[in-house]
Amino acid sequence: MLALAATLVAASAALASPAQDYMLYCMGCHGAQATGVPGKVPPLVNALARFMRTAEGRNYILRVPGAANSVLTDEQLAAVLNWLAARFDGSELASGVAWFTAEEVSRVRHSPLADVLATRRQVV
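Using the numbering used here, the letters of the sequence shown map in sequence onto residues 1 to 124.
Worth flagging that the hints you see were computed from the coordinates, not collected in a lab. Keep in mind that the hints are not guaranteed to be accurate.
FRET-style restraints, in silico, Cβ to Cβ [unchecked claim]:
id	residue 1	residue 2	range
1	Ser-17	Ala-118	29 to 39 angstroms
2	Glu-56	Ser-106	26 to 36 angstroms
3	Pro-38	Ser-106	31 to 41 angstroms
4	Leu-117	Asn-46	30 to 40 angstroms
5	Arg-121	Val-37	17 to 27 angstroms
6	Ser-17	Arg-121	28 to 38 angstroms
C-beta atoms are modelled at their ideal positions from N, C-alpha and C, and glycine is treated no differently.
Could you put together the complete structure from these sequences and hints?
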């Protein structure tokens with residue numbers, strides 16, 4: 001019985017959409033509309049595409065604690081970030097910004113930032 005339950009949980013997790021993954025793993029801090037919490041959690045809405053334009057910005061996004069330490073797989077994290085960018089920064093992406101890939105996520109995310117705020121100030 002436990003094996004069946006574990007299989008069903010694993011199967012449902014594998015079928016989760018980027019929107020569902022955002023709701024489960026990101027929305028608690030960034031909010032339903034990705035607006036963040038002023039002074040505490042930065043917004044993702046109208047901001048993510050700006051970071052996606054440069055190598056430094058991409059590295060920053062993939063190394064913030066919520067991404068670097070996420071339980072999401074590299075594929076899931078790439079999908080969530082791409083979904084967020086399309087959902088909340090769609091007009092900004094028209095300029096040819098590259099989507100995140102699982103390979104890029106895997107290469108970058110395992111080096112968490114020592115000072116998130118200082119790095120953000122440098123990148124922004």
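Checked hints:
Take Ser-17 and Ala-118: their Cβ atoms lie about 34 angstroms apart, and the range 29 to 39 angstroms holds. For the pair Glu-56 and Ser-106, the beta carbons lie near 19 angstroms from each other, so the given range of 26 to 36 angstroms is not met. The hinted window of 31 to 41 angstroms between Pro-38 and Ser-106 holds, with their beta carbons roughly 33 angstroms apart. For the hinted restraint 30 to 40 angstroms between Leu-117 and Asn-46, the CB-CB distance of approximately 20 angstroms leaves it violated.
Between Arg-121 and Val-37 the Cβ separation comes to about 18 angstroms, which falls inside the hinted range of 17 to 27 angstroms. Against the hinted window of 28 to 38 angstroms, the Cβ-Cβ separation of Ser-17 and Arg-121 comes to about 34 angstroms, which satisfies the hint.
Of the hints listed earlier, those the structure fails to meet are numbers 2, 4, in rising order.
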